[in-house]
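Visitor: Model the full structure from these sequences, guided by the hints.
Number of protein chains: 2
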Amino acid sequence: MKEFFVLVNGELLPVSTASLLIGDLSVQRGYGIFDFFKTLGGRPVFLDAHLDRFFHSAARMRLEPGKSREELKEMIATLQHRNDLPDSGIRLTLTGGYSPDGFAPATPNLVITQQPLASIPVPELTKTIRLVSYPHRRQLPDVKTIDYLMAIWLQPHMLERGGEDILYHSDGSITECPRSNFFVVTAGDILVTPVRDVLRGITRGKVLELARGRFAVEERDIALDELRTAKEAFVTSTGRHILPVSQVDDVVIGGPGPASRWLSEALYRAYVE
Amino acid sequence: MKEFFVLVNGELLPVSTASLLIGDLSVQRGYGIFDFFKTLGGRPVFLDAHLDRFFHSAARMRLEPGKSREELKEMIATLQHRNDLPDSGIRLTLTGGYSPDGFAPATPNLVITQQPLASIPVPELTKTIRLVSYPHRRQLPDVKTIDYLMAIWLQPHMLERGGEDILYHSDGSITECPRSNFFVVTAGDILVTPVRDVLRGITRGKVLELARGRFAVEERDIALDELRTAKEAFVTSTGRHILPVSQVDDVVIGGPGPASRWLSEALYRAYVE
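Taken in sequence, the protein lines are chains R and Z.
Quick note on the numbering used here: the first sequence kicks off at 1 and runs consecutively.
Quick note on the numbering used here: the second sequence kicks off at 1 and runs consecutively.
A few of these clues could be false.
Said to hold, decoys possible - Computed cross-link-like contacts, SDA-like style, restricted to lysine to any residue with a CA-CA straight-line distance of at most 25 angstroms: (1) R/Lys2 with Z/Ser99; (2) R/Lys2 with Z/Ala106; (3) R/Lys73 with R/Leu125; (4) Z/Lys231 with Z/Asp101; (5) Z/Lys67 with Z/Val8; (6) R/Lys231 with R/Met75; (7) Z/Lys2 with R/Gly23; (8) Z/Lys67 with R/Leu21; (9) R/Lys127 with Z/Pro100; (10) R/Lys2 with Z/Tyr98; (11) R/Lys127 with Z/Asp101.
As the list claims (entries may be wrong) - If you only want the chain Z side, here are some residues facing chain R, beta carbon under 7 angstroms, derived: (12) Ala18; (13) Ser19; (14) Val111; (15) Gln139.
For the record, the hints were derived by calculation from the structure and aren't laboratory data.
By construction, the Cβ of each residue, glycine as well, lies at the ideal position given by its N, Cα and C atoms.
Guide: Put into structure tokens, the structure is as follows:
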């Protein structure tokens, strides 16, 4: 199998040897942020939006990336050139660095990895997903931290209930999935997505942008009870694009509806253009 | 400066070269547990209690240490022999390992580090600490995870308010500090420590053990309001032993009182015996 290269603090290394010292604050204290985007035919998709969020996450966690937007773009291009993977996923991780006292953030370590894309986006909605709800609010929900402790820990809970992903809720309101945003189409044909205590997904933002003008759109809390009358529901993420929700716990929502289909096609066009 | 050795999956390495591949689930997803104990004059203090908790944390996070208690003790002895550091802090970290999909836990990586002890325990209470309260509940509070995201993120908030540590509370009840347990002596001379949503600290357990018979002891929720009438308050941890709390936010509690002093001396004897 071909081995891919990664960048660790600007140094190109085969992924099988790329490492961080054990004193890194991600290993010691789980402290770091990341972002993840796709390349299609060698072209990074929505790169500026992802870099905006990367800088936002870093600033909120008081981690200094030490690179400008243009420098990051050059590093990404270097990695793309070395790996020759036209369709890929690229992840930028910024950790708390080698902290002398094992607690206070130091100069961050910047790791950029690239891997083949598991699935090329298609406009058709061919799959659905079953969600299992769980009361939890992510720590610093507006920040794309590396903290997936609860998401990983909940996997057996989810599988026992026949779920394929978790849907967090907090104080009776739906927030998000661990790695996706959540949308419903209400009985009154309004496209709604939560806005409090959620990560501002790049795909979420694109879907909202595409939806405005075509649908009535609201960004607000969604009560768990609202699922019972929802016409459609879907999740969005860089990996999943738009993925219809068939069921949440015992509430059957059904397959994709017209709004999901229209948005999926519109998003696909935005991706490939 | 003398360089210390560490054990990475059983291999003795100088700390300056000891690393984990970037695919480790601590770097990717902040998923891991640890424990930390002291050695005094080469003797590990309360080692079995720490190993009990290490195995508990690992089991709760579904991480298989791959080593028995005796094997861990042998590894610790090997490290102690190599480093020749009679008074030290030893940390065992168990991470989610090299996950093929970057999400599901794999064979864990086990890292054991040793460093010189910053402070040798003394029976006298020579310092106090000011706490700043903050509403937060640790994720999986009974598990010693590597998740210190909020604790690190809150440092500037704490410093702006003149604090030296954070005191978490949840639904109006005090729980714990990020790395210490919390005790008060009430107006009615009862020693109280929270029992819900807290890490079962090894020092906490020892203090409770020593206190029983000598003081009225309760393990229960402590309302934030109760601080206003508290006679004494202190925090406990492996690093701090018993450290009196002088102030929480604007509530002045004052210096150490008779219960803190008695317990500090009793704990010191338990340490050195």
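Visitor: Could you run down the list of hints and mark each one as holding or not?
Guide: Hints, one by one, checked against the model:
Distance check on the hinted pair: R/Lys2 and Z/Ser99 sit about 18 angstroms apart at the alpha-carbon level, within 25 angstroms; holds. For a cut-off of 25 angstroms, the pair hint linking R/Lys2 to Z/Ala106 stands: about 22 angstroms separates their Cα positions. Between R/Lys73 and R/Leu125 the alpha-carbon distance is near 32 angstroms, which puts this suggested pair outside the 25 angstroms criterion. With a C-alpha separation of about 53 angstroms, the suggested pair Z/Lys231 and Z/Asp101 falls outside the 25 angstroms cut-off, and the hint is violated.
For the hint pairing Z/Lys67 with Z/Val8, the CA-to-CA distance comes to about 13 angstroms; that is within 25 angstroms, so the pair holds. With a C-alpha separation of about 44 angstroms, the suggested pair R/Lys231 and R/Met75 falls outside the 25 angstroms cut-off, and the hint is violated. At roughly 17 angstroms between alpha-carbon atoms, Z/Lys2 and R/Gly23 fall within 25 angstroms of each other, so this suggested pair holds. Between Z/Lys67 and R/Leu21 the alpha-carbon distance is near 23 angstroms, which keeps this suggested pair within the 25 angstroms criterion.
Taking the CA atoms of R/Lys127 and Z/Pro100, the gap is about 23 angstroms. The hint holds against a cut of 25 angstroms. Between R/Lys2 and Z/Tyr98 the alpha-carbon distance is near 18 angstroms, which keeps this suggested pair within the 25 angstroms criterion. Of the supplied pair hints, the one linking R/Lys127 and Z/Asp101 holds, its CA atoms being roughly 20 angstroms apart against a limit of 25 angstroms. Satisfaction of the interface hint for Z/Ala18 is found here, the shortest Cβ-Cβ separation to chain R being roughly 5 angstroms, below the 7 angstroms cut-off.
Among the interface hints, the one on Z/Ser19 holds; its C-beta lies about 4 angstroms from the nearest C-beta in chain R, closer than the 7 angstroms criterion. The interface hint given for Z/Val111 holds, since its Cβ lies 5 angstroms from the closest Cβ of chain R, which is under the 7 angstroms cut-off. Among the interface hints, the one on Z/Gln139 holds; its C-beta lies about 5 angstroms from the nearest C-beta in chain R, closer than the 7 angstroms criterion.
Hint check: violations occur at hints 3, 4 and 6; the rest are consistent with the structure.
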